[in-house]
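Mapping of the sequence shown onto the UniProt record's numbering: position 122 corresponds to residue 122, and the numbering continues sequentially without gaps.
Among the hints, a few may not be true.
[What the hints assert, rightly or not] Here are the simulated BS3-like pairs of lysine-lysine, each with C-alpha atoms no more than 25 Å apart in a straight line:
| id | residue 1 | residue 2 |
| --- | --- | --- |
| 1 | 248 | 159 |
| 2 | 222 | 194 |
| 3 | 230 | 30 |
| 4 | 248 | 94 |
| 5 | 253 | 243 |
| 6 | 194 | 159 |
| 7 | 102 | 243 |
| 8 | 30 | 194 |
| 9 | 253 | 94 |
| 10 | 243 | 194 |
Please keep in mind that the hints were generated in silico from the structure rather than gathered at the bench. Since the model is a prediction, treat every value here as computed from it, not as a measurement.
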Amino acid sequence: MSYLGYNGSIHDFNFSEERMTLVMTKRTSKVFTYHDFDDDVVFTKNQNATIPEGYIWLHQNWFYRVTATVVYWVAVVVSFVYCRLYLRTSFRNKRCLRTQGKRGAFIYANHTQPLGDALLPMLVAIPRRAYSIAEPANLGIPIVGRLLTMGGALILPAKLSQMIQFQRAMNARLDQHQRVFIYPEAHVWPYYTKIRPFPVGAFHYPVAADLPSYSMTITYQKGRLLSRPKQVVYFDGPFMPDKSLPRKQRQQKLHDQIHAQMVTRSHQSNVSFMTYQHQSH
Numbered sequence: 001m002s003y004l005g006y007n008g009s010i011h012d013f014n015f016s017e018e019r020m021t022l023v024m025t026k027r028t029s030k031v032f033t034y035h036d037f038d039d040d041v042v043f044t045k046n047q048n049a050t051i052p053e054g055y056i057w058l059h060q061n062w063f064y065r066v067t068a069t070v071v072y073w074v075a076v077v078v079s080f081v082y083c084r085l086y087l088r089t090s091f092r093n094k095r096c097l098r099t100q101g102k103r104g105a106f107i108y109a110n111h112t113q114p115l116g117d118a119l120l121p122m123l124v125a126i127p128r129r130a131y132s133i134a135e136p137a138n139l140g141i142p143i144v145g146r147l148l149t150m151g152g153a154l155i156l157p158a159k160l161s162q163m164i165q166f167q168r169a170m171n172a173r174l175d176q177h178q179r180v181f182i183y184p185e186a187h188v189w190p191y192y193t194k195i196r197p198f199p200v201g202a203f204h205y206p207v208a209a210d211l212p213s214y215s216m217t218i219t220y221q222k223g224r225l226l227s228r229p230k231q232v233v234y235f236d237g238p239f240m241p242d243k244s245l246p247r248k249q250r251q252q253k254l255h256d257q258i259h260a261q262m263v264t265r266s267h268q269s270n271v272s273f274m275t276y277q278h279q280s281h
């Protein structure tokens, strides 16, 4: 399942030498097996859903927009309850987002919660609105799929002919000084505590727009009472495109900076709630 993310090609990483088996907690840990870091380990019905004909990325109809506003703020309440109370989410260094100022921004995060990662950006973006890049497969999720766009999802186009509408919608949100969230790992790995490789292509957006990026590293730490860990989220940035470099090198440098920062922050995780085992082909 690719709940939210940028599903690009992954280059220059050696998967064959990597084996990661997390240490189990006292409870019986669920075991996920994988061959490559871009494998799905969580599956849902209608996983192969595609963008329907006539899909609209940027709605102008006033009734739709009013309805979408109501749906969004109801989702914010759900987000608060689910993240704050169930996942026990807390933030560290969130004040760095203030440097965004009156401009749009991109926030990159590791993908570790099927539902939580859809809701978390709404809490982070307050008082702004969150817009998360999402895979077309999410449109097939019962009930939720129909509400994704109202909740701020920017569905990745499946065809080049749809790219203009997608880009126009993203630019409109950035012009409104909103935050666009990207999960570049693309596939959700529940409670995974390391940072997987992600594609350089995911950093095309901030380079093209010349806007700041931030990292949002989700970690899991021991709680006092429950065996299920609490979620502690670290923010870092801003990371700006280096305009002294050619465009491709700007993307690479931005990728390397954010990935390295997320790896550093991921070391704050001190508990393993799930077990991941690598299997060779």
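The hints, checked one at a time:
1. 248 to 159: With Cα atoms ~23 Å apart, residue 248 and residue 159 stay inside 25 Å; holds.
2. 222 to 194: holds, 16 Å
3. 230 to 30: Measuring from Cα to Cα gives roughly 17 Å; hence the hint holds.
4. 248 to 94: Not satisfied, since the Cα-Cα distance of roughly 29 Å exceeds 25 Å.
5. 253 to 243: This hinted pair holds, its Cα atoms lying about 11 Å apart.
6. 194 to 159: Violated, at roughly 32 Å.
7. 102 to 243: holds, 20 Å
8. 30 to 194: holds, 17 Å
9. 253 to 94: Measuring from Cα to Cα gives roughly 23 Å; hence the hint holds.
10. 243 to 194: violated, 30 Å
In terms of the numbered hints stated before, the structure departs from hints 4, 6, 10, listed from lowest to highest.
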